[in-house]
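J.: Below are the chains, spelled out letter by letter.
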Amino acid sequence: MNDSSAIRPKRITFLIYLLPSIILFAFMVLVPVLLAVRYSFFKWSGGPKMEFIGLDNYKVLITDGNFWNAFVNNLLIVFFSVFGQIGIAFVISIFLMSKVVKWKGFHRTVIFIPVVLSSVVIGFLWGMIYNQDAGMLNWMLRTIGLESWIKPWLDDPNLVMYSVTVPIVWQYIGFYLIIFLAAMQSINSEVYEMAELDGATGFKKMRYITLPLLSSTIKIAIMLCIAGNMKAFDSIFVMTGGGPGSSSTVMAQYAYDTSFKSYKLGYGSTISVGIMVLSVGLIIISRMIGGRNRD
Amino acid sequence: MTKAANRIGQIGVNVFLFAISLSCIFPLIWMLYSSLKTSQEFNLNIMSLPSNPQFQNYIDAFKIGKMGTYFWNSAFVSLFTVVFTILFGFFTAYIIARFKFPFRGIIYFMFLTGMLIPIHGLLIPIFVEFKALGLLDKKITLIFPYVAFNLSMAVFLFENFIKTVPIDVEEAACIDGSSSTNTVMRIVFPLCLPVISTAIILFFLGAWNEFPFGLVLIKSPELRTLPIGLTNFNGQYTANYTQMLAAMVIVVLPVVVVYLAFAKKVMQGMTAGAVKG
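So the protein lines, in turn, are chains S and G.
Heads up, the first sequence is in our numbering, so the first residue is 1 and it goes up one at a time.
Heads up, the second sequence is in our numbering, so the first residue is 1 and it goes up one at a time.
Same shape as in the complex, but just chain G (with noise of 0.2 angstroms):
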């Protein structure tokens, strides 16, 4: 190869990467510009910059499109999806890790299918489950199913670790004294905090964006979370394109957020299971 073509090569490579890259990006970048603009404006020419930056839309959208209740609702059950997966998961872990005991290892078999069964499948009887139960349309409904699901992933993560962690500190420990429960929560679980900011991340992102089961379990506007509440608005105020997108954009910025502040732990967590399974 000449020098001439390789220079074009690399030229080549790096321009298709920015391509791919930009692709990625400018739906977002436009979204975030258009619901600066007004309906008029956008109308006009829908790939413009917004003349005269205002609002209007974010506030419609909290005032009629009620996105500050699906804000908080998701708020809310992203927060207690992360706390219990992560407290079940860690313990379930720690035993299955830790000792030997009846059914063992059925029990860690089945945690481990639970990444196989196509949840979807599962919407129709958890459904009739849940209303036999009394347990539709509540604060606390989505929960349930969030942590369980979560609860494979988490038992996966926290027993591959806790095995790497040596067991002598926990044998000095309760030599010294110190109790099973104390051990686990003062010893064994903070040395697992590399794991659990990763599983942090992981399990609010499934939370807030979650889409099915918000569909079919919550039936009350006021308990709907962001991405049902999104549906929602737009067969409600259909055509308003610049709300609709202000309304989006509540919905990505903690994730893009999130990200942005902790890219190498999302990546991590997002690919966790993938790599290591």
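Okay, chain S solo, but in the shape it has when bound (with noise of 0.2 angstroms):
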């Protein structure tokens, strides 16, 4: 900052240029986070009758299996979405770093398509490509003589959750991609070219060079995909609509569903509060164990 007397605007300018975002921004988040704790205190179906009912809405909330198996669901599109989005996108970046692939624009071109795509069209693509009968993955598999592995991809209730992670990690690939491209082509080629002099090759480079020097921008990005995830919600609620049964819930489904399916507005309220204390929570935690790893 640089304060200067000579360009400050009068009061009434400053304030003109301030407080439209800031009045927007409370209105829309700041009071939102305070009525959500308000409201998870009440029995509150949306009309006129609310019951104060203190903190019987969290002790529900503890022992709702409903609510930790979406958790859970969740939990695991994190860890999926952590090694498969991360961990292929830092595979690719190695290999359009290296001077062997070909076409390496197209490639960067290419593989980010996705991520500019409303999740709402990719959930309804892929389950197209899932549908049994007419889909696409079934089809190859009879093609190419698998019809034994040729599955219900999306009603199988112990498959389903895999099911719907692969299309949210096939979709966020290129997002990594971009993110470590960018952070691969500032490390200086010096340090490379000291490295090759004291006989260090492939493999070596990448471990001892390449990895440490991105640790920063791999927790950053875990940490993104930790945020992104815990609100996964689109494409799950085209392909299954969280079914079947419960099976492919995630929090924000279930949250959805016990607001505007239920109309159970105050339990609603606590679940939300409970998806942003799990959220901010899980994100702190992963800052902690990434920053405990710097020295």
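It is worth saying that the hints were derived from the structure and are not from the lab.
Be a bit skeptical, because a hint or two may be false.
[What the hints assert, rightly or not] Derived lysine-lysine pairs resembling PhoX-like cross-links, with alpha carbons at most 20 angstroms apart:
| hint | chain 1 | residue 1 | chain 2 | residue 2 |
| --- | --- | --- | --- | --- |
| 1 | S | Lys264 | G | Lys219 |
| 2 | S | Lys104 | G | Lys219 |
| 3 | S | Lys49 | S | Lys264 |
| 4 | S | Lys43 | G | Lys265 |
Take the two lone chains and join them into the complex the hints point to.
T.: Dropping the structure here:
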């Protein structure tokens, strides 16, 4: 900051510049957070009757199998995304930095395309890929003679979470790829030349130079991955609606169903508070673990 | 390593990358050509190319599926989201970047925490709040949450950029008699053009693709945005896959065109917060 009294606008102009954002932000973020906490203490179905029940909703939440099942589903998506998206993106970015790969620009451009698409379209598209009778996946298995592998990908409760996670992982590989490529390009090439003089080969260069120098980028990527996947909703809503049963229900879906299908707005708010606490908690924990590794 | 093994490794890496790229682009190509098939043709063989490409599915998607209405709703909401996010974000970031004032740190911190709060957790209180204020189900309803949730990113982007712009230019303009508003609009704003173009793309894509708030805050069929219209489309005309595919193409086509035209800017925009933050 470089405070200069010469260019400082008049008090009224100053406020006109500053206030619209603050008011809008308060009205859309701060007030709703407080409202969610307030409603979470009530039994309320949206009508004029609101019954204060103190911490009862939280007592229910702690033993609510459906909520924790949804949380575990979110964790599963986070787990596969951290390894799938960040892992695959890291491998691809190493390949794209090497000299042997052709058509680098093409790969970079194409792998990023799914990132910009609507998750709703991705959900429908993968719904068609997974379709039991007319789906592309089963068609492919049939064509290459693996009839026995054909499965009802979205209708099997034991399988469905893996089926809905694949498109989520697939969609955002390009996002982490671009982050890693940007970070790798900023590594000074002299570091590599020195290492080569010392006899470091391909794998060793990656292990002892690229990986350590990228550690802060990887930590940011993991944080974004956690934050992004705790709000997974769109594509699963479209593919399965959380089903069959509650086998692919994630936290956002559970809050939506409770509030807008069962009209339990009080308890729905309690779930919302739960989502916020768990998400922010997970991000803070990941930061603390990442921070300790720094030394 | 022998030369032959090296060569095989090189080919392997290239094949692997082509397989990945193909997996990213083939579903879209399939969607595009399948949308030109008739239902019977699609049911006969889902992978084959259309023998006689025809646009009936698109005509039906617009006529029966109301995709045109949804398209203009999305365009309207996205346009105003982009304009207001950039204006509000720019002015706020300018003040935060340039001047000392009470609560400055708290205000900046408040905007930054906006990036960490899981927005989906706020669906219910925002629904209740909008209901109380009579803001549900209006043409402008979605602009409020979209602008607000983008403000964190906008303030962050602009603040970082304005800090790098030398203050001397503004002081010189001031000495020459330019009013502060004039200086900000005529000098600082145009200097921010590189960030503004990134921001336009980022906020446009976000608003165009957003789903949960559109689902909860809009009830009237004639006010729905494209992603919501698509889910409704699916429910009402089930099993007509080719029409559904045409509707999906209508949703993604503008995005893919913008992306291919400004690939580098889009990538910068989508990853701006991540790389710098």
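J.: None of the hints should be skipped; say for each whether it holds.
T.: Going through the hints against the structure:
1. S:Lys264 - G:Lys219: 19 angstroms, holds
2. S:Lys104 - G:Lys219: With Cα atoms ~45 angstroms apart, Lys104 (chain S) and Lys219 (chain G) exceed 20 angstroms; violated.
3. S:Lys49 - S:Lys264: Given that 20 angstroms is the threshold and the Cα spacing comes to 12 angstroms, the pair holds.
4. S:Lys43 - G:Lys265: 48 angstroms, violated
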